[in-house]
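Let's have the full structure, built from the sequences with the hints guiding it.
This is what each chain is made of:
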Amino acid sequence: MSLTMDCVAKLKILLLGESGVGKSSIILAFTKGDYQAQFPATIGVDYNHKIMDVNGLKVKLGIWDTAGQERYRTLTTSFYREAHGAILVYDVSEPKTLAKLNEWVEELQVYTTNKNIVCLVVGNKIDKDRAVPREHGQAFAQKHRMLFIESSAKTQEGIHLAFEELTQKIIETPGLWEKDTSASNIRVTEEEAREQGGSCYETTCSIK
Amino acid sequence: MNEEIDEYDIYHQDFTTVSEWEVFVARIEEVLIDWRLSKSTMVKHSVENHAKKWFTKSEEISYQGQKFTLSYNYMNCKSKPESTEESSDKSLLVEIQDGLWEATTRFMDDSDESPFPVSNWFGLKQYLMLYPNVALVEGSLIKLVMSSLNIAFANVDCGVPLFVKIREHWQHTYLGFYEDNEYKISFDTIHLKRISNQCSHLTGLVGLFKSKIASPVALDAVVVSTKFSYELKDLDAFAWGQQTQSNEFLSIDGFDVKKLIELPFGCDKNPTKSVLLNAIWPKFRECTIVESSTFSDIDPLMAPTWTLTLKMRENINFQLSELIGKVMELLDNSYLLMDTLGLSKSLGLVNPLNKITEAPITISKLVKAAMGHGRHTSEFKGPISDELLMPLLYYIFPDAVEDGTHIYPPDLKMEFKQDGNGSKLCSYVKSSPEDCLVWRLSVTAAKLHDAGGLSYLAHLWYEFIQELQYRWEMQIPVPGIAEGTPNARTCLLHQKLQLLNCCIKRTIEGNVNTTGHSSEEEFFDCSEGEGAEEQPPWDRPVGRLHRLGEATLKNGAPLYVPRTQDPAPKTEDQLEEDAELMVRLGDDAKASELRARMMSASLLSDMEAFKAANPGAELCDFVRWYSPRDWKSDDGGALGERMLLPGNPWVEAWNVARPVPASRQRRLFDETREAEQILHFLRSRTVSGVAELLLPAIIRAGALRATQEGAIGSSASVGGVDARRTFEIAVRELYEAEKEACRMLCRRKVLGGGEEGQALDAAERARVLRAAGGVLPAVARREFTLRVRDATAPQLMRAALADDITIVGAFTERIVCL
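These protein sequence lines are chains A and B, in that order.
Per full-length UniProt numbering, the very first residue in the first sequence carries number 1; after that it's consecutive.
Per full-length UniProt numbering, the very first residue in the second sequence carries number 1; after that it's consecutive.
The hints are simulated quantities; they were obtained by calculation from the structure and are not laboratory data.
Check before you lean on any hint, since a few could be wrong.
Okay, the calculated bits of chain A under chain B, using three or more residues with CB under 8 Å as the criterion [what the hints assert, rightly or not]:
1) 12-25
2) 156-168
If we take Cβ atoms under 8 Å as the criterion, some of the chain A residues that face chain B in the derived model are [as the list claims (entries may be wrong)]:
3) 35
4) 38
5) 40
6) 62
7) 79
8) 93
9) 102
10) 111
Derived DSS-like pairs: lysine-lysine, alpha-carbon spacing no greater than 27 Å straight-line [said to hold, decoys possible]:
11) 115(A) / 424(B)
12) 52(B) / 39(B)
13) 632(B) / 154(A)
14) 32(A) / 58(A)
15) 39(B) / 169(A)
16) 739(B) / 10(A)
17) 58(A) / 57(B)
18) 96(A) / 52(B)
19) 739(B) / 273(B)
20) 50(A) / 273(B)
21) 632(B) / 128(A)
22) 590(B) / 60(A)
23) 632(B) / 96(A)
24) 590(B) / 32(A)
25) 154(A) / 590(B)
26) 60(A) / 50(A)
Bear in mind the structure is a predicted one, so any value in this text is a computation, not a measurement.
For each residue, glycine too, the CB sits at the ideal point set by N, CA and C.
Right, dumping it as structure tokens:
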């Protein structure tokens with residue numbers, strides 16, 4: 001039963017993390033293949049989209065960029081609802097930004113409405129001098145059962161892979177998304193199928 | 001297919017003359033190969049013993065305008081890690097033969113949960129089934145299909161028995177086969193509406209069995225199992241004790257709120273149609289017990305084993321499902337609910353674009369009751385009498401009465417388990433805390449609707465909104481609602497009420513501020529700020545919250561965090577609208593700028609508050625507090641690079657921000673407007689809209705009731721479907737749970753604690769026999785299983801005789817290849 005090309009799934013992806021870790025740059029790199037050394041700090045929430053091909057399935061990613069500032073939390077968290085995936089970004093040249101991700105994980109747990117939302121941890125700015133060893137990022141991702149990847153929005157390294165991995169995982173997660181075309185298409189999945197999907201540990205990957 | 005080599009040595013194939021039949025065969029082969037079912041490619045599987053479960057893969061195939069579904073049905077298998085070697089012909093055959101022999105411990109009417117009975121009949125762990133969408137009755141067509149399957153099977157060298165469903169759909173008749181290089185097993189079924197003389201008894205069936213095997217040498221004795229079933233009907237001993245719920249709460253005499261708040265559950269009449277008593281002889285040789293047309297040794301009282309099977313009535317009404325079903329029907333009604341009462345016009349709801357022009361009737365019943373007012377002539381009078389209505393309203397708004405019988409639990413919280421271990425029934429339906437106002441309102445509404453129809457529901461809804469309106473005007477918070485801003489994990493009605501409570505709370509706070517000394521804090525701030533007296537009054541700092549650590553402004557003054565406005569709380573439908581608007585703006589830089597502007601209301605408000613609290617502050621001071629990673633300590637404070645970009649919205653906002661403390665700013669959250677909108681939203685719902693608001697709590701309350709009755713929750717998760725589909729799935733699940741709970745109850749009653757199909761002990765046998773009045777009725781169904789091992793393989797035949805007869809057989813023969 002192959003999925004046909006014309007069937008489009010719509011997925012909602014959030015980008016979260018401290019201010020200035022490169023969330024907006026990652027989105028620009030992914031959607032436009034572009035890079036800007038300086039980017040005005042995002043105010044509140046911004047939106048972008050891109051159509052991706054996953055397993056011959058056309059997927060429309062609605063990507064929600066959020067401001068990292070503390071003061072914006074209440075505003076940004078109201079956009080968390082019904083997200084299918086979240087990308088948690090930290091800056092490999094700033095150890096504090098990784099430590100701060102804990103807060104975002106908590107926020108996600110409080111405000112997301114999808115129980116099995118898929119999360120990906122991204123260590124960004126690997127083009128810069130590294131201050132956070134890869135293992136630390138991996139350990140964080142493992143602890144929270146998330147995917148892990150390192151990237152550079154400047155060199156485009158890891159950017160596409162990050163979105164591909166995340167989308168792939170969302171599609172494999174039962175009960176999380178649904179084909180957009182048919183309203184009658186019900187997915188009642190049982191716990192067993194979920195077990196087969198395995199935990200996120202097995203899919204932890206990184207750029208060599 | 002014509003292959004030809006033409007004179008230019010170019011390889012050609014001409015497919016234009018391929019017949020439909022060839023395409024059919026090729027298609028079957030394609031599917032079988034796709035499923036990797038040829039003997040050489042099959043992975044050897046071992047069936048795990050625990051939790052046997054069937055899985056199905058299927059493909060559509062058409063032939064001569066007739067559609068077929070080819071399905072591969074298999075039990076949950078685990079690949080043996082060590083056995084990477086190909087499964088040999090032999091092991092596949094042995095597996096089938098072993099299964100065949102094992103299957104004889106079961107009877108034809110047992111079920112193994114597989115989609116077709118063939119696996120139970122023949123002990124198969126996997127099989128292919130070709131199921132025609134239109135019944136396959138014509139003999140020549142059956143033959144054609146069978147031979148096509150034979151060819152495809154042989155070409156692919158398929159390793160799984162293949163069946164075709166033949167005859168009418170209601171008849172369980174299947175033809176199947178399996179073959180390898182040496183043996184062929186035929187699986188046959190005969191179904192006859194009338195029982196022929198020869199087949200009507202054991203002796204005749206044994207004869208038939210032997211003639212079918214046609215063994216050239218003498219056979220061993222045929223081993224027989226038999227089951228005689230007796231139908232016990234309408235027995236007092238099995239009487240049904242469940243009480244039926246009536247709508248008696250409508251009569252004032254028998255009124256009891258408890259009766260009303262309880263959802264009904266179970267079926268209204270005895271769901272057991274009859275009880276089958278099965279007398280079983282598990283194993284005997286053909287001559288030891290005789291049953292022929294003239295004589296019978298069979299005496300059920302002598303049978304070694306007795307078991308009981310329940311037969312449930314079809315089309316029984318389940319009270320909970322029926323109640324919820326009635327609310328579900330409202331989802332198709334798109335009239336305004338207030339139309340039901342003829343109130344739309346007086347409530348200003350006729351044209352939804354018009355604002356509420358007339359002042360709605362705002363006097364709440366509860367207030368009138370408290371003030372001891374008599375009935376007013378101009379007051380709206382709904383179909384529910386006051387005697388019934390008042391206790392209901394006191395139940396929903398228990399704080400309006402002082403007796404405190406139905407007060408809400410103090411700490412209403414929404415539990416939301418991240419790991420989702422709690423396999424609660426219908427847990428995917430977003431609801432509100434258990435026994436909160438939304439639950440009480442919804443369940444009451446459902447019961448009133450069940451009892452009095454739509455007008456009762458509308459009347460309750462009307463009174464509910466009147467009370468909300470009154471509470472808003474009088475600033476009395478709505479009880480039984482979780483604290484805080486709207487929680488997106490609760491249902492929409494609960495969110496709306498949370499928001500209404502936010503509005504009420506803000507108004508109360510606002511009133512306190514204006515009646516108290518609103519300027520107090522400003523004085524306080526002033527005296528604290530050193531050298532405040534030197535500042536001219538227009539530059540006096542206002543709205544300070546606290547100092548930000550030891551931080552100072554660029555000009556050396558201490559940096560204060562200002563009092564700020566909280567962002568407006570919103571319900572999910574409002575957030576959805578916001579998000580949609582943002583998406584609709586598009587993707588380009590311009591859209592991004594517009595979005596930033598939309599979003600900058602709270603940034604501007606914070607900047608103004610900051611300027612008011614820190615006179616003489618610069619943008620870099622603001623950034624130090626607001627976005628520390630964009631602040632650099634050089635030279636007493638400087639902006640990070642990205643804050644210096646030309647046309648930066650932060651700079652623009654800073655330039656237009658005036659020093660205004662939060663208390664004097666335009667409110668980001670207009671509670672009066674919001675509250676009026678909520679009330680209008682609730683008042684102007686259509687019937688289906690109200691049903692949608694009430695159903696989540698009704699379903700969850702029903703699920704809770706079912707769980708209390710012993711229904712087991714499933715771990716199903718439902719994602720990405722709209723509200724209506726989610727309701728439909730949940731209602732279906734509740735129906736199944738209710739049915740199963742009834743069945744369990746019957747089982748307990750009839751079987752007295754034992755399992756269905758379990759052998760009864762002597763005492764139980766005596767009990768059942770006593771219940772039947774000491775004599776069993778005429779036999780309703782007889783079943784025989786005959787088997788023998790001949791030189792080639794086990795041979796098997798089963799016959800079930802009731803009003804009709806079904807004979808199935810699995811016969812193995814050696815294929816002689818010359």
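Point to revise | Structure-inconsistent hints, enumerated in ascending order | key: 2, 3, 8, 9, 15, 16, 18 and 20
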